[in-house]
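Generate the whole structure from the sequences, applying the supplied hints.
2 protein chains.
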Amino acid sequence: MAGYEPFSNTISLAHGDGGELTHQLITGVFLKYFHHDALQPLNDAALIPGPPCRLALTTDSFVVKPLFFPGGNIGTLAVNGTVNDLAVSGARPLYLTVGLILEEGLPLPVLEKVIAALAAAAQEAGVAIVAGDTKVVERGHGDQIFINTTGLGLVADNIHLGCHRVRPGDAIICSGAIGDHGLAVLAARENFGLKGLKSDCAALHTLILPLLENFPGAIKWLRDPTRGGLATTVKELALSAQVDVILSEEAIPVHDSVRGGAEILGLDYLYLANEGKFCAVVESSAAEEILAFLRRHPLGCEAALIGEIKDGSGRALLRTTLGATRELYLLSGQQLPRIC
Amino acid sequence: MAGYEPFSNTISLAHGDGGELTHQLITGVFLKYFHHDALQPLNDAALIPGPPCRLALTTDSFVVKPLFFPGGNIGTLAVNGTVNDLAVSGARPLYLTVGLILEEGLPLPVLEKVIAALAAAAQEAGVAIVAGDTKVVERGHGDQIFINTTGLGLVADNIHLGCHRVRPGDAIICSGAIGDHGLAVLAARENFGLKGLKSDCAALHTLILPLLENFPGAIKWLRDPTRGGLATTVKELALSAQVDVILSEEAIPVHDSVRGGAEILGLDYLYLANEGKFCAVVESSAAEEILAFLRRHPLGCEAALIGEIKDGSGRALLRTTLGATRELYLLSGQQLPRIC
Chain S
1 MAGYEPFSNT
11 ISLAHGDGGE
21 LTHQLITGVF
31 LKYFHHDALQ
41 PLNDAALIPG
51 PPCRLALTTD
61 SFVVKPLFFP
71 GGNIGTLAVN
81 GTVNDLAVSG
91 ARPLYLTVGL
101 ILEEGLPLPV
111 LEKVIAALAA
121 AAQEAGVAIV
131 AGDTKVVERG
141 HGDQIFINTT
151 GLGLVADNIH
161 LGCHRVRPGD
171 AIICSGAIGD
181 HGLAVLAARE
191 NFGLKGLKSD
201 CAALHTLILP
211 LLENFPGAIK
221 WLRDPTRGGL
231 ATTVKELALS
241 AQVDVILSEE
251 AIPVHDSVRG
261 GAEILGLDYL
271 YLANEGKFCA
281 VVESSAAEEI
291 LAFLRRHPLG
301 CEAALIGEIK
311 DGSGRALLRT
321 TLGATRELYL
331 LSGQQLPRIC
Chain X
1 MAGYEPFSNT
11 ISLAHGDGGE
21 LTHQLITGVF
31 LKYFHHDALQ
41 PLNDAALIPG
51 PPCRLALTTD
61 SFVVKPLFFP
71 GGNIGTLAVN
81 GTVNDLAVSG
91 ARPLYLTVGL
101 ILEEGLPLPV
111 LEKVIAALAA
121 AAQEAGVAIV
131 AGDTKVVERG
141 HGDQIFINTT
151 GLGLVADNIH
161 LGCHRVRPGD
171 AIICSGAIGD
181 HGLAVLAARE
191 NFGLKGLKSD
201 CAALHTLILP
211 LLENFPGAIK
221 WLRDPTRGGL
231 ATTVKELALS
241 AQVDVILSEE
251 AIPVHDSVRG
261 GAEILGLDYL
271 YLANEGKFCA
281 VVESSAAEEI
291 LAFLRRHPLG
301 CEAALIGEIK
311 DGSGRALLRT
321 TLGATRELYL
331 LSGQQLPRIC
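Protein chains in written order, with the UniProt record's numbering: chain S, 1 to 340; chain X, 1 to 340.
If you're looking for bench data, these hints aren't it; they were derived computationally from the structure.
Being a predicted model, the structure only gives us computed values, none of them experimental.
Incorrect hints may appear among the rest.
Using 25 Å as the maximum straight-line C-alpha spacing, the simulated DMTMM-like pairs for lysine to aspartate or glutamate come out as follows [said to hold, decoys possible]:
1) K65(S) x E283(X)
2) K65(X) x E104(S)
3) K198(X) x E302(X)
4) K195(X) x E249(X)
5) K113(S) x E124(S)
6) K65(X) x E103(S)
7) K310(S) x E250(S)
8) K65(S) x E20(X)
9) K65(X) x E138(S)
10) K198(X) x E138(X)
11) K310(X) x E20(S)
12) K65(S) x D143(S)
13) K65(S) x E138(X)
14) K65(X) x E124(S)
15) K195(X) x D256(X)
16) K310(X) x E249(X)
17) K198(X) x E327(X)
18) K195(S) x E302(S)
19) K195(X) x E263(X)
20) K65(S) x E103(X)
21) K310(S) x E20(X)
22) K65(S) x D143(X)
23) K310(X) x E327(X)
24) K65(X) x D143(S)
Only some residues are given here: those of chain X computed to face chain S with a beta carbon under 7 Å [unchecked claim]:
25) A131
26) H141
27) F146
28) L331
By construction, the Cβ of each residue, glycine as well, lies at the ideal position given by its N, Cα and C atoms.
Here's what the structure looks like:
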């Protein structure tokens with residue numbers, strides 16, 4: 001941390017003024033972790049050789065609280081969240097930009113820990129950080145660290161995902177157990193003492209891209225159920241495809257720790273956020289083969305067939321273990337704020 | 001504002017939870033102002049047809065305070081700031097993403113006013129908003145609105161800007177009067193009662209792209225002197241090109257209102273932020289023709305030749321009106337926080 005030794009080791013407003021301290025922050029912290037030919041920290045934009053195919057562009061801000069939680073932190077989340085938005089769009093994630101809004105008084109070691117985790121997650125995901133920006137706001141006008149990441153990826157010409165391809169008779173697959181992220185963050189924040197909870201925060205393109213390569217026509221629609229959880233995601237699908245989505249409660253994979261913890265806290269795990277799971281609408285004839293493919297990958301080992309598409313008008317219905325039918329809606333009112 | 005009439009007209013945490021209220025915000029406010037085929041608000045990334053040339057990618061977060069100031073607001077700034085970072089990289093700005101971090105309790109009419117201004121600025125600049133994200137943080141953990149914009153642009157194959165092209169003998173041009181933005185925001189925030197101040201906030205590519213087309217080889221380096229002002233910008237140039245930069249104080253255009261206001265407040269206008277100006281290093285033989293070209297454009301009508309490049313080792317020197325020489329450094333310590 002030699003780069004900022006002569007100065008106090010918390011963030012001051014001057015770290016955001018574009019002058020001497022901003023330079024020290026860039027050279028002392030950021031350039032220690034971010035290395036890419038296209039990243040020129042003292043230039044205003046990264047220049048990227050562009051290939052002749054479709055680009056995917058996505059943006060996400062991360063305000064998770066606390067910054068660190070079992071299974072991840074705001075840095076890993078900022079990479080994986082945006083990488084996953086590219087992946088479920090069928091894109092190979094290539095480049096990320098990172099925009100930081102820091103609160104005056106943030107300890108520099110905390111910043112460095114986040115940046116190191118962010119850089120490691122980017123390296124693991126194979127994405128290059130090519131542009132960045134840092135602003136500092138006064139104490140009491142932010143909350144330690146907010147991170148925006150914007151991702152650029154490439155979509156192969158043979159990939160066409162979208163709700164327009166969803167048809168009655170299609171199957172719905174979930175890549176693994178749901179609710180882990182939302183409950184792990186909540187438990188870390190409120191200190192509930194729940195055991196065994198861990199965020200599923202992970203980069204999904206290592207699973208999604210081979211899936212799309214191996215089943216190019218059979219995968220019709222993909223989405224990662226983050227804020228709003230699985231229930232909101234399938235309701236959005238039903239509305240946008242103008243079909244009914246029927247889920248089977250007993251088929252939905254949920255870890256016991258999440259099922260139990262959610263019950264204790266009076267939360268519905270169907271609405272808890274996930275950061276390492278996706279839902280897919282697939283040709284039903286290929287569903288078993290797709291499940292077998294997913295289960296061979298660490299990120300898909302708990303994949304399950306959770307429901308089907310029916311002719312309808314935008315309803316999401318859950319067949320409960322008791323044989324009843326419950327309608328699912330968009331998350332309404334706040335369940336868990338600042339979960340990502 | 002029919003989209004959110006049944007609810008309170010301030011931002012609640014539930015507006016950020018990805019559920020019903022988030023949908024209302026998207027459809028009731030954002031989709032009123034943002035329209036582009038590539039923007040699919042319920043998808044995770046925009047798919048953009050990619051052409052075979054270089055891409056420029058840049059990111060910037062905006063935390064300006066107050067949100068509204070003479071000459072602009074955080075919405076116009078969020079567009080023009082990022083557009084300008086693309087423009088000074090030689091890129092034609094094409095696409096923007098918008099990431100919002102809203103504070104609980106923000107009045108919806110304030111949000112809508114900012115979004116309307118942002119959309120109008122994007123339309124005026126000819127850039128499409130193709131992806132967005134909204135997060136909400138609790139009251140007292142943010143400050144009304146923070147905006148991240150990330151910009152994607154295309155760089156023509158014949159454009160090669162960079163400090164590696166800067167040589168002793170080159171001329172330095174500034175596209176207009178400096179200091180207006182920084183002082184206008186400060187005056188609006190602190191209610192100093194200074195008269196005649198107005199931000200220069202503007203999208204510069206309408207001037208820069210024709211300039212590059214008309215003088216393809218003669219323009220060597222471009223930069224917009226935002227945070228840190230003209231002094232920090234030329235010091236960065238001197239350091240990165242390993243030359244000395246010599247500015248003439250009497251040649252630097254400054255409005256009387258800025259010169260007077262800065263003097264009253266004990267500020268150095270050379271360090272005040274600008275949001276509608278650029279500096280260029282050009283072939284000295286083309287300098288007069290370039291100046292004449294700039295002055296025919298409303299955004300360049302006060303353009304001036306302000307200095308020259310000398311053999312050296314990274315110093316920025318100002319020849320003062322009194323005949324003395326003053327060395328300029330990177331802005332050190334905070335002059336004006338939250339100016340952009």
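Each hint, compared with the structure:
1. K65(S) x E283(X): Violated, because 52 Å separates the two Cα atoms, which is more than 25 Å.
2. K65(X) x E104(S): The given pair, whose Cα atoms are some 15 Å apart, holds under the 25 Å limit.
3. K198(X) x E302(X): Measuring from Cα to Cα gives roughly 15 Å; hence the hint holds.
4. K195(X) x E249(X): holds, 24 Å
5. K113(S) x E124(S): holds, 16 Å
6. K65(X) x E103(S): holds, 15 Å
7. K310(S) x E250(S): The hint holds at about 19 Å.
8. K65(S) x E20(X): Distance of about 22 Å is within 25 Å: holds.
9. K65(X) x E138(S): holds, 11 Å
10. K198(X) x E138(X): violated, 33 Å
11. K310(X) x E20(S): Roughly 23 Å between the alpha carbons, so the hint for K310(X) and E20(S) holds.
12. K65(S) x D143(S): At roughly 9 Å apart (the allowed maximum being 25 Å), D143(S) and K65(S) satisfy the hint.
13. K65(S) x E138(X): The hint holds at about 11 Å.
14. K65(X) x E124(S): violated, 38 Å
15. K195(X) x D256(X): Roughly 11 Å separates the two Cα atoms, so the pair holds.
16. K310(X) x E249(X): Within the cut-off at roughly 17 Å; holds.
17. K198(X) x E327(X): Violated: K198(X) and E327(X) sit about 29 Å apart, past 25 Å.
18. K195(S) x E302(S): Answer holds: K195(S) to E302(S) is near 21 Å, not above 25 Å.
19. K195(X) x E263(X): Roughly 14 Å separates the two Cα atoms, so the pair holds.
20. K65(S) x E103(X): holds, 15 Å
21. K310(S) x E20(X): holds, 23 Å
22. K65(S) x D143(X): holds, 17 Å
23. K310(X) x E327(X): holds, 14 Å
24. K65(X) x D143(S): With a Cα-Cα distance of about 17 Å, the restraint between K65(X) and D143(S) holds, given a limit of 25 Å.
25. A131: This interface hint holds because 5 Å falls under the 7 Å limit.
26. H141: holds, 4 Å
27. F146: At 6 Å from the nearest chain S Cβ, F146(X) passes the 7 Å test, so the hint holds.
28. L331: holds, 3 Å
Going down the numbered hints, you'll see the structure goes against 1, 10, 14, 17, while the others check out.
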